[in-house]
Amino acid sequence: MTGTTARRRSYGVKGAPYAFLIPATALFLLFFALPIGYAVYLSFRKVEVSGLGLGAGARKEVWAGFQNYTDALGDSELLDGALRVVGYGCIVVPVMLGLALLFALMLDSDKVRFTPFTRLAIFLPYAVPGVVAALLWGFLYLPDVSPFYFVLDRLGLPQPDLLDGGPLYLALSNIAVWGGTGFNMIVIYTSLQSIPAEVYEAAKLDGASPLQIALRIKIPMVAPSLVLTFFFSIIATLQVFSEPTTLKPLTNSVSTTWSPLMKVYQDAFGNGDIHSAAAQAAIIAVVTLVLSFGFLRATNRRNKQEATR
Amino acid sequence: MPYTKRRRLVTSAVAVALGATTLAACGSSDDDSDAQSGPVSLTYWTWTPGMDKVVDLWNKGPGKKEQITVTVKKQASGDTLVTKILTAHKAGKAPDLVQAEYQALPTLVSNDALADISGEVDDEKNRFAEGVWQQTTLGTDAVYAVPQDIGPMMFYYREDLFKKYDLKVPATWDEFAETARKLKKAAPDKDLTTFSANDSGLFAGLAQQAGAQWWSTEGQKWKVGIDDEATKKVAAFWGGLVKEGAIDNQPMYTPAWNKALNTGEQIAWVSAVWAPGTLSTAAPDTKGKWAMAPLPQWSDSENRTGSWGGSSTGVTTDSKHKDAAAKFAAWLNTDRDALNALAKEGGIYPAATSAQLSGAFTNPPEYFSNQPDFYTKAADIAKTTAPSAWGPNVNVAYTTFKDAFAAAAKNKSDFTAALTTMQDETVADLKKQGFEVAP
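For the record, the sequence lines run as chains B and P.
Residues in the first sequence are numbered from 1216 upward in steps of one, following our numbering.
Residues in the second sequence are numbered from 350 upward in steps of one, following our numbering.
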């Protein structure tokens, strides 16, 4: 008798963790695994039309195998979009993280006053929704309505077209940098704050200048945060969508497939081809995964090597 | 955080599919299969502003008598709605009634989303111009929608500035080009108009006026004629004007465009009957200074226009009360009170010919109070609308237009090359979908 109750109790204890896991598992399956699984399923399907395609039963969904994937990989628009995004990322990531680090170091310096206000002021653009930010900047880029162009005009200075060619990349990057620097700065700043004061004291006793402290102590000690912000930035860059989409109506230079995600959106909602869109989305997801985790692993390995040295 | 972002990315692709589940709530949940007896409630997806007020007229009037209640669900306009309807239809949950632009009808029909309502609405045929009605039949015996509004194209110009620069209202496109050049000479900082690549409907309408037939059928095959002679002529004409700098090449509907119209930097606009509404928000300071004229012609002997915009009301195959829905669609687009309300609340220009000169259309639009015969003229122009032909992948052709012509306008390069791109991609898409395409 007592044996069975004891066993039952131990069952209950053993089962408890699983019971606690149920809500998270259910949510994960319902809102993460299932949609992704369905997207992957869709990416292997296609619609086949018979005859003129008019009337009932003229269209049916069939298996497509890897056709959507081979089409997507051979699609020059998708590839061009990816290249454009790489060019954009080459501007955004270094500038944004460089500024974020610079601002964080400056805020951390003893000589800076009004730190809370400055910190908030730099962070504030991050709170502005991406679409709103893009609209705001879009108005500032348009020569006919921009106050900047008015001033340039009055001063007789050249007025570059920011919505065309190379400057377009700068214009788009500027929006991302404006919006993202604050967030990255906070991440780096927070980790700067957690460096123990003794370290600085020791450095000062050894006669290190503020610049040396920044370069030799602060930056190496916040390296993990830098890696993290870099990681976030790569992902955000690969998924750039709202800025070019918002600027698109303002200029002839941004096509409907400017970035890979815009192509996915266009195929799904403009051309009504969810199967191709699903395949492209899967490819973008895999590339993002490989790039970002590849980067993480590479830095981890380096850290480990340094630790063992 | 990276996870959230990635999830958003992947799910964006399946949002279409998942949308169906959410949309189910919007669709008709009335399971009463007997359409003739008992009260019927219908759902109607539309983007026309103020449609709820028009539908109220039905619900309180004829609808009450027939026990047919219609509920309006406001939607985004254009291609987005087409995708949404198709998604909902895949789940068997499309609403009873939908608003659809004419060029979207073949796409909807080819997905079996629209029901043939010829039995219920054939009697209304004579209330519409033939070219308009034909767009809802797709050249078959079936009728897939009832025409609601149309957008016959016209030429709008600044009367005062035309006088100032001694310009004549162009009757032909050659004169149009001359006018543009003359203005450029007289005032180099001004443009007659712009070639904008961000609304494919404008170019489609211009091609239609020139006699283009972008889609046609040959037996069981589709034929795509986007690069036909008529369209090539139109493309080369506008490309030439852009290249020589006689007109601007910046897109419409931007803050810069609004300013150009409002300050008289651009003094004309090739547009459609709905232009007064757009102009009154884009260029409020120039109210009363504009005038409307027929579109320039390709030759003196011709008198034709194209259409830009316009939509219809269709009944979906998912509807359980197709008769009732067709009855409402017919009332909405032919009844005097309904059309009056549509004009007043929604600002539409009715497809029904009898309504084009009555009620709301006896006086000119407020913005054009200087042109008392605005709507008489408009009705005359509407009669000259050239027939149009749409195919099952207009959306693809339109997207390609935007990208190819935007690039060509930007680089001031060959427009006919952009047209070839448009043709090739449209054909490639048809083939990819499995359609047979005639060479």
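Please note that the accuracy of each hint is not assured.
Claimed, not checked - Think about it this way: if two alpha-carbon atoms lie no more than 25 Å apart in a straight line, the pair counts; the simulated BS3-like pairs of lysine-lysine are:
| # | chain 1 | residue 1 | chain 2 | residue 2 |
| --- | --- | --- | --- | --- |
| 1 | P | 671 | B | 1275 |
| 2 | P | 414 | P | 671 |
| 3 | P | 572 | B | 1275 |
| 4 | B | 1275 | P | 669 |
| 5 | P | 531 | B | 1275 |
| 6 | P | 780 | B | 1275 |
To be verified - To be clear about the criterion: a stretch of chain P counts as covered by chain B if any three or more of its residues have a C-beta under 8 Å from a C-beta of chain B, and this derived list gives those stretches:
| # | region |
| --- | --- |
| 7 | 691-702 |
| 8 | 755-765 |
What the hints assert, rightly or not - Which stretches of chain P does chain B cover? Using the computed rule of at least three CB atoms under 8 Å from a CB of chain B, they are:
| # | region |
| --- | --- |
| 9 | 440-452 |
| 10 | 456-469 |
| 11 | 564-574 |
| 12 | 741-752 |
These aren't lab readings, by the way, just hints derived from the structure by calculation.
Built from N, CA and C at the ideal position, the CB exists for glycine as well.
Verification of the hints:
Between the alpha carbons of residue 671/P and residue 1275/B the distance comes to roughly 24 Å, so the proposed pair stays at or under 25 Å and holds. Taking the CA atoms of residue 414/P and residue 671/P, the gap is near 18 Å; set against the 25 Å cutoff, the hint holds. Of the supplied pair hints, the one linking residue 572/P and residue 1275/B holds, its CA atoms being roughly 22 Å apart against a limit of 25 Å. About 23 Å separates the Cα atoms of residue 1275/B and residue 669/P, which keeps this hinted pair within 25 Å; it holds.
Using a Cα cut-off of 25 Å, the hinted pair residue 531/P and residue 1275/B is violated, with the two alpha carbons roughly 57 Å apart. Between residue 780/P and residue 1275/B the alpha-carbon distance is near 15 Å, which keeps this suggested pair within the 25 Å criterion. Counting residues of the region 691-702 of chain P whose C-beta sits closer than 8 Å to any C-beta of chain B gives 0, which falls short of three, so the coverage hint is violated. For the region 755-765 of chain P, the proposed coverage by chain B is satisfied: 4 residues have a C-beta within less than 8 Å of a C-beta in that chain, meeting the threshold of three.
Under a criterion of three residues with beta carbons nearer than 8 Å to beta carbons of chain B, the stated coverage of the region 440-452 of chain P fails, only 0 such residues being counted. Beta-carbon proximity to chain B at under 8 Å applies to 5 residues in the region 456-469 of chain P; the threshold of 3 is reached and the given coverage holds. Check result for the region 564-574 of chain P against chain B: holds, 4 residues qualifying (beta carbon to beta carbon below 8 Å, three or more required). Only residues whose beta carbon comes within less than 8 Å of a beta carbon in chain B count, and the region 741-752 of chain P has 7; three or more means the coverage holds.
Checked against the numbered hints listed earlier, the structure breaks hints 5, 7, 9; every other hint is satisfied.
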